Every structure is written in structure tokens, then in C-alpha cells.
Amino acid sequence: MAMIEMEEVSQNSEQLLEEEGDDLEFDSNNLDIEGNGLEIEGNGLEIEGSGLEIEDNGLEIESHDLETKDDGVENNCDQMLDIEDHGHDNNTDSTLLVDGQNSESQGNSYPPPVVGMEFESYDDAYNYYNCYAKELGFAIRVKSSWTKRNSKEKRGAVLCCNCEGFKTMKEANSRRKETRTGCLAMIRLRLVESNRWRVDEVKLEHNHSFDPERAQNSKSHKKMDAGSKRKVEPTLDVEVRTIKLYRTAAVDPLGYGSSNSNEGDSSHPIERLKRLKLKKGDAQVIYNYFCRVQLTNPNFFYLMDLTDEGFLKNVFWIDSRSRAAYAYFGDVIIFDTTCLSNNYEIPLFAFLGVNHHGQSILLGCGLLADDTFETYIWLFRAWLTCMFGRPPQTIITKQCKVMQSAIAEVFPRAHHRLCLSHVVQRVLENLGALQDYEAFQMVFNTTIYDTLKVDEFEMAWEAMNQRFGIANHEWLRSLYEDRERWAPAYSKDTFFAGMSTFQRGESMIPFFDGWVHRQTSLREFFDMYELVLEKKHQKEALDDFESRDSSSMLRTSSYYELQLSKLYTNEIFRKFQEEVAMMSSCFSITQIHANGSVVTYMIKEREAEENLSNVRNLEVLYDKSGAEVRCNCGCFNFKGYLCRHALCILHYNGVEEIPYQYILARWRKDFKRLYVPDLGSNNVDIANPVQWFDHLYKRAMQVVEEGMISQDHYMVAWQAFKESLNKVRLVADKHVQIDH
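Note that this note's numbering has the sequence shown beginning at -4, numbered continuously upward.
Worth flagging that the hints you see were computed from the coordinates, not collected in a lab.
One or more of the hints may lead you astray.
Mimicking DSS-like on lysine-lysine, the simulated pairs with C-alpha atoms at most 27 Å apart in a straight line are [stated by the list, open to error]: (1) LYS531 to LYS693; (2) LYS619 to LYS448; (3) LYS561 to LYS619; (4) LYS396 to LYS272; (5) LYS664 to LYS530; (6) LYS531 to LYS667; (7) LYS531 to LYS561; (8) LYS487 to LYS599; (9) LYS396 to LYS269; (10) LYS570 to LYS534; (11) LYS570 to LYS599; (12) LYS448 to LYS570; (13) LYS534 to LYS396.
Each pair of labels, with its calculated beta carbon distance range [to be verified]: (14) GLU369 to GLN706: 20 to 28 Å; (15) MET548 to VAL711: 31 to 39 Å; (16) SER583 to MET548: 25 to 33 Å; (17) ASN338 to SER583: 48 to 56 Å.
Quick caveat: nothing in here was measured; it's all calculated off a predicted structure.
All C-beta atoms, glycine included, are put in the ideal place defined by N, C-alpha and C.
Let the hints inform the model, and build the full structure from the sequences given.
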């Protein structure tokens, strides 16, 4: 299975000792007993304990000294189900949450361990590595562990392949078969923040062949029943937690639970509010769609959240294209709750990004029973785990205190901002009864859009309150307290990729605008869903073709315009081109401060040619040593390209080309974007057929994606496939001849 790329933060045991200091206690005899039992195999004695770990103490046992037998690791959760992905569990993208109906026959559903994985407990970490080992064909044991001084609290452990090390002199003289090979495969676990276990060192390579039959009979595996074991999945970021999801009996075609209707049951009214509001046959529509799309979309993924009574509560789904697109466009995400906040018949929640043409793209969908904190937590964790624990830089939402709390819980390091156009709309709605409403509207817009600095915004807001007597307006005061999330003056350091609206009259258009209306039913939605996606994909493909094969008409003689006309997609270039054209409105550049190589300039700009007296002053900071430029209008962070003011300062300082750091890869037309799963590492266990499939499948999908670019690409790809197949068959024929 392809490795998942993670930041390497591996630490060895010496580093661990340094960090933990004298608080850690190691047994000098490699003996760590935390229970009161003992388990020995091979001499007729077997006593089960509850947390025993003994290593290399000279006892003669089968292939390793003594095994841990933790009751906490033996989990029997028959109803646990993390993912429904029938027949496609052998794709790495699905492995973080995979638990298909027949996991034993569907290939590796546990990803290889990587540095940075986290678990909710030591037992979960042990269980994960044990399951991973079983699927690969080896057994594990606890090589060592350490506890806090004067405490039984475990602080770290090393789990290794049971072929680690070699027999002692005493053991070498026994008649037992030699099974240890000095294998170095292991993971080192460490307790962090008192409640999570993190993998901080990994060695994957084994120096022996796998023996699945022998591994099945090892003590670490013998109690793991394929039909009842709990799937404990790692998290790849501190912001992700293990998501406990349950078997989807609610969509049983036979009509169990809520599969047909929620009508006619006698449950308590409060309980009915906690479930998805479905009409007769709606659950069957959802189930049929998911089953059908899995046949054609190998990495399609969905989750269903049930109430304690087994009724459908929340649904989340995402296709492989969306998961792959997130790798390119996951920096800024909008949580679209248009349908929820406007009481549409379909309670749709959509995760949206923006592609290299400035078009909104779908990155996942959910159907939610309610808008409670618990529901949002479930949805956000499911989505983030699908994205391999990589949170976005910026999240944009409508104003909602409950969602804000959930975002702070699941995405603590992301910048959460409110959609400015929605804030403006809410303000005008709530203050529409003001006597001088039109004057208020003009002043409010000026306060929001024309103040460049925080102190300017604060003074303008106070003046507005005094003029219209609204200082004590409760709703407006509450909005003001949250101003750092929506006022442009506070967001100059936040990257938005053009997804927020910082100019008058701008507004975000929902992804399903024109398709989903207030009365659109669930059945109608799923009937049109794939059509909407197909049209969006066609539009992107057409824009790719036009950007690649057409030349943009230049409007000025500026080299900056010529430079980016060769790099940016047509739509993004047209927006940037407007900034180049507006350089003519800037004049009177004055140096107002200097500190070494850093110089601050004041530049004047006429806001309208017909009104030459309407001039505003902007400050642009320029660092000559690194050719760094920053304007207090915030254009680069807001839109992703330099503003007219910054361009003027670069030109003023004789910089002939836009510095590379201001040419974002996310807007480039020559950057190859393959909407296939993240390939990760090329490390493949040549003895593992499951990893053969995983690696070959993803490489083939690369050829498929590039083969769809044009007819010429298609013909080359098709010819390559035919030649490859013939070569593979020749190899197979040779083996057949040898066998005979």
C-alpha cells in the first residue's frame, strides 16, 4: 500500500529520554509488568492477564519471550462501521476510514504506519498496529515500554515485529524452531498531551518473508475475529479524532428503521427531531445512489450517522475527484449552508473550494438532521479525516455561533472568517427600520469597504453609531464583537483565494444555484446531482483547453501583463489584467519611512477618472533585499495576485518581473492537476499482492487522466496500454512454459 506523506518528526529513544527527563522509569531487565497475570505459550501453562508486558526475561516461549494480552485491546463492536465502500477497499485513499462488509477479502484496509499518526489510547494504537500486521502477514509484540516515575501510567512503548532480535544462549540450545531474524520493523509510540498516543518513529522494512498462517496463530492475532474486531483508525493531525460511526442498517432495502419513512412511529417527539426528515422512499433513493456510484467511482466514500434507535440522522459523501482536488485547492474552503439556513426541503451542507479558473468546486456534501454542535462536529471530523487530516488555511461560513464553536473544536489552527456579503445583508435586514435608512446604508458600506486600517475602521464605526443612534442596538453590538472575523481591515493577513467578497456589490454564488430550489425534493436532487457535477467538470475542461491553446489580448505595454499572460489561466489573468490597466490611476509615489532595506511608500490613487478630486492614499511596504512587497489594500491575500499599487512600487524600484513568490501555482495553466488519489510513496512490499494492485491502479489512473486531455493524448495512452498488456502477457507465458 502506498505510503501516506507526512512531516518527518521521528525521534529516537535518546531524544525521548531527554524530553521526558527523570520522570520516566525503564526496567533494566526489559521487564514491564502492569497487571497481575501471566501468559506463557509452549509449556502447557496459560494464565490470562489484563495488561501484562514482559520482554526477554529468559523464559522459553514460542518465537518470542512473552506476549501482551490486554483486555483493552480485545474490542468486540459488532455494529462498528467506518465506511461503506463495497469492493474498493484496496485504494489507499479509502484506507483511513475503511471497514467494508468483507474486510478480510477486500485487501488492505489499514494504512501503513507513518510518523504523526495519533490515537485516542494506547489500546487503540496497539490494536491498529496488530490489525495492520495481521493483514500484511506478521505478528507483533511489545519490545519495551516506559512509565512515569512512581506511577503506573504508561508514557511510551515500542511495538515490534515478533521476529525482532535473536535467541539467547539458553534459548538457542532448545529444540524450538528458530523464528527470530533480527527484524527491525517497529513503531515507537508516545503519550502526548495526557490523552493521545502519537507515532514518532516508524520502520517498515522486514528482513524476512511473511508467514500469514503462522501469524494467524500468534497470540497477538488469535483473538481477532474478522467479523467482530473494532476498526481503530489513526488520525494524521492533532485536529482529527477517531470517528465512531455505526452500521447502516437504517437504509436496509427491506425497510428496517427509517428506510421508508419516519411516519407512523410512536417514538418521543424530541427523538423525531434528531433524525433526518425523510419522505417515504427517500432513504432508498440515497441507498440506491450510493450503491450505483460505487460501481463506477472506485474511491467514492460515504458515512451514515444513526440515532440510538437506528434511525438515519446524518449523511456524508464525497467522490474521488473531490478528494484529489482538495490536494490542489484545499487552502480556502467555504462551508455552504444555504439550504439549511433558508429552510430548503433538502437539508444540504456543501464543502466548496475554488479551482484555478476561479470557479467553485464541490469538495463533499452532507445531509443533516439539525444544526447542533454535535452534528457539526460529526460532519467536520468525517470530512477532515477523508482529507487525510489536512485542515484548510481558511474557512469561510455564514454567521452561526454553533458552527463557530464546532470549527474551533475540529479546526483550531484554521482562520475562521464570515462571508462579508452575508454580514452586510444581515445588517441591512436588521436595521432596515431606521428612519434614515438610505443614508445609513451608504455610511455603513463606506465604513466596511473603504477603511484600510483597524484604527480607521474603529473610528468610522463609532462615528456611525453616534450619527444614527444605534450604539445600544443589541444585535449590531454582538456583530461588532465578532468584527475580527468579517471586517476587511482585520483580515489583511488571511488568505482568501478570491473566495470572499471585499468590494461593494460582490456576493458568493452557491454551487447548486439554479438547480436546487426551496421545494426541490431529495429524489429530484439525486436525479440532477451527477448532471450538475458533469456540467461543472465540462466547464473546467473547456476552460483548461482555452487557457492552454489560446493567447490573451494584451491591454498595456507592461511586462508584468505579458509575463502572467503566459502563466495564468484566462479567467485569473483577466482579473490580474485589470490591476495592470489601473496602474495608470496611481500617481505621486512618496517615501515616508525607511528601515534598512525595508522602505514604506505612500501612493495616491484616483478612484474615478470622472471625479479627479476623489483620491485615496495607500501605503506600500517594499523590502529591497528579498523583493517583497505588501500593500495595505490587502489585494494579494484577498484575491491571490498583486494589486496595482504594489505593481507600481515594483516598477518604481526597477523590478522588471513579478517575483516568483507572488505567482501562485494554484492559478497556473501549466500546472498538471490529476484528479486521482494522492500517490504518496513509491515504497511497495514486493511480497504483498495487495500493494501491487494499489500501486499499479493509481499509476494507471494517472495515464487515464492525462489521456483524456486531447485526442492525441488518448491515442498515445491507448497504444501504451496495449503495448504494456502484451509485455505483461509475455511474462506470464514464460512462467507457464517453465511450469510445464
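Against the structure, the hints come out as follows:
Using a Cα cut-off of 27 Å, the hinted pair LYS531 and LYS693 holds, with the two alpha carbons roughly 24 Å apart. Between the alpha carbons of LYS619 and LYS448 the distance comes to roughly 24 Å, so the proposed pair stays at or under 27 Å and holds. The straight-line distance between the Cα atoms of LYS561 and LYS619 is roughly 26 Å, inside the 27 Å bound, and the hint therefore holds. Note on LYS396 and LYS272: the hinted pairing holds, with a Cα-Cα distance of about 23 Å set against a maximum of 27 Å.
With a C-alpha separation of about 20 Å, the suggested pair LYS664 and LYS530 falls inside the 27 Å cut-off, and the hint holds. The suggested pairing of LYS531 with LYS667 holds, with an alpha-carbon distance near 19 Å, which does not exceed 27 Å. Between LYS531 and LYS561, the direct Cα distance comes to roughly 25 Å. Compliance with the 27 Å bound is thereby established for this hinted pair. A threshold of 27 Å between alpha carbons decides the hint, and for LYS487 with LYS599 the separation of about 20 Å falls inside it, so the pair holds.
A threshold of 27 Å between alpha carbons decides the hint, and for LYS396 with LYS269 the separation of about 19 Å falls inside it, so the pair holds. As the CA atoms of LYS570 and LYS534 are separated by approximately 19 Å, the hinted pair is consistent with the 27 Å bound. With a C-alpha separation of about 22 Å, the suggested pairing of LYS570 with LYS599 holds against the 27 Å cut-off. For the given pair, LYS448 sits about 25 Å from LYS570 by alpha-carbon distance, which is consistent with the 27 Å threshold.
With a CA separation close to 36 Å, the supplied pair LYS534 and LYS396 exceeds the 27 Å bound. The supplied range of 20 to 28 Å is broken by GLU369 and GLN706, whose beta-carbon atoms lie about 51 Å from each other. At about 32 Å, the CB distance of MET548 to VAL711 agrees with the hint of 31 to 39 Å. Distance hint for SER583 and MET548: a CB-CB separation of about 30 Å, consistent with the stated range 25 to 33 Å.
For the pair ASN338 and SER583, the supplied restraint of 48 to 56 Å holds, since their beta-carbon distance comes to about 53 Å.
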